[in-house]
Amino acid sequence: MLSIETQLENPNHILIPKGEIDASNSVQLDESIRKLLEEGAKSILVDGSFIEYISSAGLGVFMSYLEDFQERGVSLKIFSLSPRVLEVFKILGLDRLIPIFPNKEAALNDK
Amino acid sequence: MIKLPSIHIGRLSLLLSILVWLALLFVDLVRLFGVINNLNSGIAPEFTWILEILFFLTVYLFYNYNLQKNTQNEFINLLWRAASTGIFASAAFLVIQLFYQFLGDSKLGQEPFLRNFFYHVHFALISIFLISTTLLWKKLILYQKTKQVVQQWQTYEIGLLFAMFFVFFSQNTFGYSFIFGFVILTILGGFLSVNLKWIPYLTFKEKWKSLLFLALIIVCSVYLFLQTNAYSSAQQTYPINLLDNLFLISLFVFILIYALFSFLVTLFNLPTSSVFEQKLTEAINFQRLSQSIQPDEDEEKVLDILLDSSMSASFADGAWLELYQSERNQAVLQERWIESKEREELAELIESNTSAQNWAKDTKAELLSPLPLKIKHPKFGSLLLVPLVVNKAVIGRLVLCKELKDGFNKEMVTIIETFSRQASISVENHRLLNQAIQNERYQEELKIAQRVQKALLPNELDHNQAFEICAYSNAADEVGGDYYDTFQLDQNRFVFIIGDVSGKGTSAAFHMAQMKGVFQSLIQLNLSPKEFMTRSNAALSRCLERNHFITASIFIIDTQNHQVCHARAGHVPTLLYRSGDQKAKYLEIGGLGLGILRNMHYEKHVEEKEFTYHSGDILVLFTDGIVEAKNQKSQQFGFERIRALVEMNQYLSPREIQTKLIDTLHDFVGGDGLIDDDYSLMVVKFN
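Protein chains in written order, with this note's numbering: chain A, 1 to 111; chain B, 1 to 687.
It is possible that part of the hints are untrue.
Among the chain A residues that face chain B by a calculated CB cut under 7 Å, a handful are [what the hints assert, rightly or not]: (1) A23; (2) S56; (3) A57; (4) G60; (5) V61; (6) M63; (7) I91; (8) L92.
If you are wondering where the hints come from, they were derived from the structure by calculation, not from laboratory data.
Glycine included, C-beta positions come from ideal geometry on N, C-alpha and C.
Take the sequences, apply the hints, and build the full model.
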């Protein structure tokens, strides 16, 4: 089960996925990110505190936007990941491509 | 034992009846001789009566048998048989009369013996006509019989049997008892005569025919009856009266009553017979519609039947059937008795009609019923729109047109609605069946894919005396995205690779095949692990879908120098058990998954490390399917369990360790719990 909320805290768009992100619902995540891009978001913050699990398909969604973000000058930050989910990002090496922060403050303070 | 020959009832009864008749003739002629010559022949009248009864019984037996054997039991055939017998008897009688007319007052015309002979012929013909017709009536009366009717008929037969023997009692006089018996039998016959259930089943044409036959039967029986009376009034010529018999008279009346009833009922049924035929056709059409179409047949056949049956049910003057394809583009499938130009005119009229617009907009397709419309068109006065609903969606419509205004009554609408629903069900079933067949084909294809993919994994793992190796892979679906392989670079150097495509299922399986291609080509180039990963990334970046990536680990083993050089590309860390300190640890090495960075910067995100192995060291390579496998409490199997297990079972052979790991994994997940990701495992133990 996955539900995704988005909040606008100018100038940041906060994306809050809740539940498990796997192959069956990674499309949902993809759609929400695409929507934010279409709305012209320049700074996307992903609140990871409610992500219980992320499969490789879920990681694939984040990964697929890396180049897009770079080209459009959009910044993507992830914060408050649970240790287990953070581990998944680390194993894949995504932590070196996407800035990951322990909490929201740290993410907001980073420029 | 003497074996009795099987008795042929038909022939036997026929033979017997002829013999009995001859005997009767003989006896009566002898008596006549006695009367003429004033001699007492000494033959009691009872003797004649017995023969007469015997004759009745044998004829009854013969016809009863004959009718049972005869399989042609169409009503018209039965009526024709009765009518033809009647005509034959009447014709024979006419011929005899003409013969006597011709003879006039000649001596031969006065000859009592000849007259008596003809009298007996007449008696035989009348008996045959009456008995056979009665039996035919029996068939008609007992059509769609109930227990009650059968009982009534049996009572009547018993009554008839009594009537045969009545002659002994009444001594052939016409008294009150005769009238009493006659009245009772007539009442019984009258009761039976209301059983006319066969008439509605005649078609219009058959009804006309049966009217003709029934009229013939009535005429013949009236004629024969009158002739019989003529004989009775000229009794002095005949020594014994055969025809003033309660049995025969009752049968006369019964046959007449039933023929008359049938005639009248058939006559009055004529105007409504078309309705009955209509209903029968509707029932047959319904049955045709409900017979499911064969998978190789077309839906059009059902729609064809629907069109025809709806038209015949509503007496429509024209109709067409159209199916909606995508975006309301109507494809006209069939046109009946209507010109394309007229159809277009009518379609426009429907478009502009408000109730038709509302009808078409109705969202609850499954509740949509046919809509009768009044229209202003030079040729047609009313229309009926019939929806074709399949799977809760309107797939098309049937339009019936009539020249009359308000041409569609409630009954027509109801039956047409039933037709269209049944047709829809047939079409739906047909589609479902085709889908099921298609699915089965896909299953077959997947099985082939599974076989092909299995062949992508190595059958034998390259190794030498320096180490033992085993590997296992299992896909969550028919096919998966896990991959492992070995390669021998030279006498002492070996490569182990394990890889995992993101996602699972068919797309992962295709990428897995690409991965194998890339790895197999690069491996031959004798590259360092880091170089291998960099080049793999470059190659795979070109062929992977944007949101797919691959994780992999590569190990190059030098068995001469006991060196292991390795690199990791985003893959789950590999476990290394050290026999020296008897501890297992995950190898710590950075590295980004393949296909994530699709440019030249990848090189910066992958590293290469080296270590020396010792005897008893164990390498366990696996994919994340094992780590992430969950039990009922949603706990992951995790890295720690694998580590502990390997430490505990380090003394076992690689295959035993592998089995242990897999078994523990399955126990952890739970008896019927499924691991919903591909998982693979490779265990290497150094000697």
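How the hints compare with the structure:
1. For A23/A, the shortest C-beta to C-beta distance to chain B is roughly 5 Å, which falls under 7 Å, so the interface hint holds.
2. Look at S56/A: its Cβ gets to within about 4 Å of chain B, closer than 7 Å, so that hint holds up.
3. For A57/A, the interface hint holds, since its Cβ comes within 7 Å of a Cβ in chain B; the closest pair sits about 5 Å apart.
4. Using the Cβ-Cβ criterion of 7 Å, the hint placing G60/A at the interface with chain B is satisfied: the shortest such distance is roughly 4 Å.
5. A least Cβ separation of about 6 Å between V61/A and chain B falls short of the 7 Å threshold, and the interface hint therefore holds.
6. Evaluation of the M63/A hint against chain B yields a held restraint, the C-beta minimum of about 5 Å falling below 7 Å.
7. Contact between I91/A and chain B, as hinted, is supported at the beta carbon level, the nearest pair being about 6 Å apart and thus within 7 Å.
8. The restraint placing L92/A at the interface with chain B holds, with a minimum CB-CB distance near 4 Å, inside the 7 Å limit.
Violated hints: none; the structure is consistent with every hint.
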